[in-house]
Amino acid sequence: MSLLALSNLTIRYGRLTAVRNVTFTLTEGEILFITGPNGAGKSSLLRAIAGVTPPAGGRIDFAGQDITGRAPEDIARMGLSMVPEGREVFGSLTIEENLLVGTGMHAATRNWRSRAATELEAVYATFPILKDRRHSQAGLLSGGQQQMLVIGRALMTNPRLIAIDEPSLGLAPNITDQVYERLIALRAHRALTLLIVEQSSTRAQLVGGRMILMRGGEILLDGDARAMGQSEAMQAAYFGYGEH
Amino acid sequence: MQTLFDALSLGSLYALGALGIALIFGVMRLVNFAHGDVISFSIFALLWPSTDAVAIVFAGELPWFVLIPFVLAMGAGLSVVSEIIVFRRFRRANPATMMIASFALGFVIRYFLLMLFSSRPKSISLLPALSQPVEILGARIPLLQVITIAATIAILFALTAFLKRTRFGLEMRAAAENFTMARMLGVRANRVIMGAFALSGALAAAIGLILAAQTGTVDIQMGASVMLMAFIATVIGGLGSLPGAVLAGFLLGAASVVMQTVLPIDARPFRDAFVYGAVIMVLIFRPQGLIAARGTKERV
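Chains A and B supply the protein sequences, listed in that same order.
Taking the numbering used here, the leading residue of the first sequence gets 1, the next gets one more, and so forth.
Taking the numbering used here, the leading residue of the second sequence gets 1001, the next gets one more, and so forth.
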């Protein structure tokens, strides 16, 4: 069953068209990488899906409902959680507080902390480092720990789909490995659907799954990441030769 | 001793005002210049419309436990209504546009009061029992001053507990730091903003109560002078930083009172010039404010 469906999505910033007529569907439980060079429109696409940038045209459906132009909080409450580029931790809040921000939609006002405790424990089980440092300020964490924190924070909203923008940004390769290891485990464990934006396609080929290659706001290729390999079209997308 | 209490009670007013401004700035980057008029409005809401010199409290002499919640509710109510009617439409506008809208709203409130009550100051006796002096360590301090300081401290503790311990407080802190991210975690933007406006309006009303009780007069300009100092306090405290706003409010109050006593007699009429001079010095050395707020600071 399709969980997320984009049809003819177009995003404009003023006169600049960042995304043009993008159409794809994402099935429940699938893992999809969106890759492509700088300025391909990957982040714009995610921001539109999360409701932050209203699209100029087209339509987005999530879990059978039209979410085009809906407010970010409504979309989050439907089970689509976004981990934006640059991570965006709440630096002045503690780690635990960061995690708890996302529980507002589930827990009742009374005893919300104890109700959230079960969810907290689940996240701490996945990322033990967060538990060790739960009362320290999130701004003091290293990049890798912050990445784990924001994934944990997204999990706290009990999502069906997590969209992550460049989880490897600014991380050492071995830390990126750790982050992906947890993501893959989570996906199996929680039946999550993952939508991951990365600039390079190497990670997608390593992890496997479906990959969409974008360039200049349009979809160039859509298929199995490993099968795509080092095809000519792939080379063309990044280095700009042999196309058109 | 007298000076200390003067400084603390004046500082309390500025701190409460600065908090009200910082709360709203924190969640929506709006410098609300209508804040001072909310202060006046919440007190005038007690009065029958008239142009007489003596204010007529419409319900006669209200007991304090009715009077105080009523005035606070008026401030909170007006503030929330102004959010719904005015500021909500400017949510996506740039901060300068919102600021000008707040000026306009302030004028509307002020001229509405002017129409009903005229610009003439009115004498009012709110909570007259509080003007009795009490003796503390040999100094005679008006009871009201003691209560002002105690109430401010109580408000600060309550607000801190609210922000730290409740879910709504947590959502507000998260939203103040990164509004878009908070929304992407399901935090309802409208609720948080309305909450900030309600709190800010209630704080404004508290200032109105204290001012009216202290001076025994009300006039439609009464909020303006506090508002100006409170605004300066939010700036030197670090825009959007609540602890900074409180600290700077108390510092400004202290600076005003201390300068009033230490400046030579001839220079006293220019006290405010000295206070503002000190403000400029602070901003030269700490342009980001005493306690810079997270959300406005560049992160690497």
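I should point out that these hints are in silico values taken from the structure, not numbers from a laboratory.
Glycine residues also receive a C-beta, built at the ideal position from the N, C-alpha and C atoms.
One should not assume that every hint holds.
No farther apart than 20 Å at their CA atoms in a straight line, the calculated lysine to aspartate or glutamate pairs in the EDC-like style are these [stated by the list, open to error]:
1. K131(A) - E97(A)
2. K131(A) - E85(A)
3. K131(A) - E121(A)
4. K131(A) - E181(A)
5. K1164(B) - E181(A)
6. K1164(B) - E96(A)
Derived Cβ-Cβ restraints for the label pairs, each shown as a range [claimed, not checked]:
7. A191(A) - A1093(B): 40 to 50 Å
8. L140(A) - A1161(B): 45 to 55 Å
9. A71(A) - A1104(B): 47 to 57 Å
10. Q1288(B) - S136(A): 21 to 31 Å
11. P1269(B) - S136(A): 44 to 54 Å
12. V1066(B) - A71(A): 19 to 29 Å
Each hint tested on the structure:
no. : hint                           : result
1   : K131(A) - E97(A)               : holds (12 Å)
2   : K131(A) - E85(A)               : violated (24 Å)
3   : K131(A) - E121(A)              : holds (9 Å)
4   : K131(A) - E181(A)              : holds (19 Å)
5   : K1164(B) - E181(A)             : violated (34 Å)
6   : K1164(B) - E96(A)              : holds (12 Å)
7   : A191(A) - A1093(B): 40 to 50 Å : holds (42 Å)
8   : L140(A) - A1161(B): 45 to 55 Å : violated (24 Å)
9   : A71(A) - A1104(B): 47 to 57 Å  : violated (27 Å)
10  : Q1288(B) - S136(A): 21 to 31 Å : holds (23 Å)
11  : P1269(B) - S136(A): 44 to 54 Å : holds (51 Å)
12  : V1066(B) - A71(A): 19 to 29 Å  : violated (39 Å)
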